[in-house]
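These protein sequence lines are chains A and B, in that order. Residue 1 is where the first sequence starts when you use the UniProt record's numbering, and the numbers rise one by one after that. Residue 1 is where the second sequence starts when you use the UniProt record's numbering, and the numbers rise one by one after that.
A hint or two may mislead.
[Said to hold, decoys possible] Straight line, CA to CA, 25 Å or less: simulated DSS-like cross-link-like pairs of lysine-lysine: (1) A:Lys74 with B:Lys178; (2) A:Lys76 with B:Lys178; (3) B:Lys179 with A:Lys58; (4) A:Lys74 with B:Lys179; (5) A:Lys103 with B:Lys176; (6) A:Lys20 with A:Lys58; (7) A:Lys242 with A:Lys20; (8) B:Lys56 with A:Lys103; (9) B:Lys56 with A:Lys58; (10) B:Lys56 with A:Lys20; (11) A:Lys74 with A:Lys103; (12) A:Lys20 with A:Lys76; (13) A:Lys74 with A:Lys20; (14) A:Lys76 with A:Lys58; (15) A:Lys76 with B:Lys179; (16) B:Lys179 with A:Lys20; (17) B:Lys88 with B:Lys70; (18) B:Lys178 with A:Lys20.
Calculated directly from the structure, the hints in this document are not laboratory data.
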Amino acid sequence: MEIVIEDLNVIYHPGTPFAKQALTDINLRVASGSFVALLGATGSGKSTLIQTVAGLIKPTSGQLRIGNQVVTPKSKQLSELRRLVGVAFQYPEHQLFEETVAKDIAFGPRQQGLTEEQVAERVEEAMRWVGLPPSLKDRSPLALSGGQMRRVAIAGILAMRPQVLILDEPTAGLDPRGQREMLDMVGRLHREQGLTVLLVTHQMEEAARYAEQLVILSEGRIALTGSPREVFGNEQALSRLKLDVPEITKLIMALNRNLDPPLPLTLFSVEELERELESRWKRGDDR
Amino acid sequence: MTPVVIGQYVPVDSFLHRLDPRGKLVFVFAFMFLVLFADRWPSYLLLTLFVLLAVKGARIPLALFLRAVKPILFLIILTSLLHLFTTKGGGVLLQTPLFSVHEAGVEQAVLMSLRLFVLMATATLLTCTTSPMEITNAIEQLLRPLTKVRVPVHELAMMMSIALRFIPTLWGETEKIKKAQMARGVDFEAGSLFRRIMNHIPILIPLLISSFRRAEDLAMAMEARGYRGGEGRTRWRELTFARRDLWLIPTAATLWLALWYLEK
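Could you put together the complete structure from these sequences and hints?
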């Protein structure tokens, strides 16, 4: 589902001495079914932006449109918007509270007023999507491993069948394997369900590999946006924003100093780079 | 974003801030006793004046102080109305078929309002000028004699300071969980009272779980650093009674004597 943000401003506690402008003049268009990574330092407004898109914070001025739902400062009902957008905050497993995995995943769909059969179907489906074996259904979610708990929490969000999925650092606190599995799962959901994904991350590697569009926030404004290639090719802007280039891009840039024609900067995995180098070597146009 | 709590410690430097918390605590208790004991016009005038002077001396922004007193405004209005209409005595000021207002009623209403205001202002002044940590330390030291009769004074004080320390943390956590559950379709504002109470279960349970987890982590961290209760424990900041603290004694004595004279 398409997300269009126009002249969005968010100010906390407006009109009091505690007033704080969190977002300033945000204009952003996210195409339906795309995968967007949101980057930026702590306090850059990432969290406020996702909460606004999720319908948890109202804009102070400007507007937000998701599909055909429009949110302005005057909007009263945000629950329709919340239906379209699923959001997994940092450490989403901290929101688990039911006795069993199935009941917890069913919580969202129940709030939507579905019948028991539909709810059961949603639970089964969501568990499959996140790769949880059905045998865990009746276990207590609190007795699972950290990675599994996080999957349960995300399943609970997917079970509401959102059109837009927002993930706030879904890999935080997971081991490297867990991180990879989590991102592969998100990538798969994006491809297979056609979900529009907004991923908040600190890791350039994650952003470069999975996202089609990067949005970099700095002090409440959009500092830079574009495809990973455009963004990571713009070294000047990145160093100004004190952001890092992915390790692999650094390597390619180093290689390119002695290469003609240069390697494309769009390679974001070791395997891709390997294949590229191999094909060049076979063609024999190196050196 | 954490809200400003009633009577929150205001970290500025003033004579009242620098006083020894033990002395302040004892003084405040003695003063509150005086307030409850006072029963006449002149005594209240004196006490109110004293409190107002103290507020000025504490260098606390007046707006902040008034906001702390505001929540009891309702209580003050209610009690003064009750006194206004129910206390009989003296001349009748207003007579209607339904109720009458007597002179004594007006007097009582004003006195009661002043009494509540002074009590609240004193308590607020104490917490505004003394950090929670200082208050806990003071309570611990003042109650120390009770350890003789096996009251776990140190443990109680430690529990109190831990509880105070975690209020902002838990507040932040509550906000976070609330948003997460709102995103899952809970509407906290809609429905009957019962429904609204039930809606808070998805917040309370995760909050309890995380509190237990935090408690366990904290206990582990304390043990790892060798915590074993109050015995033989030293402090970073020792409370010391300075010369300025001695001023509390003549001040208290003067107030007592003045009140004793005024009430006689």
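>> Check the structure against each numbered hint from earlier and tell me which ones fail, lowest number first.
In response: 8, 9, 10, 11, 17
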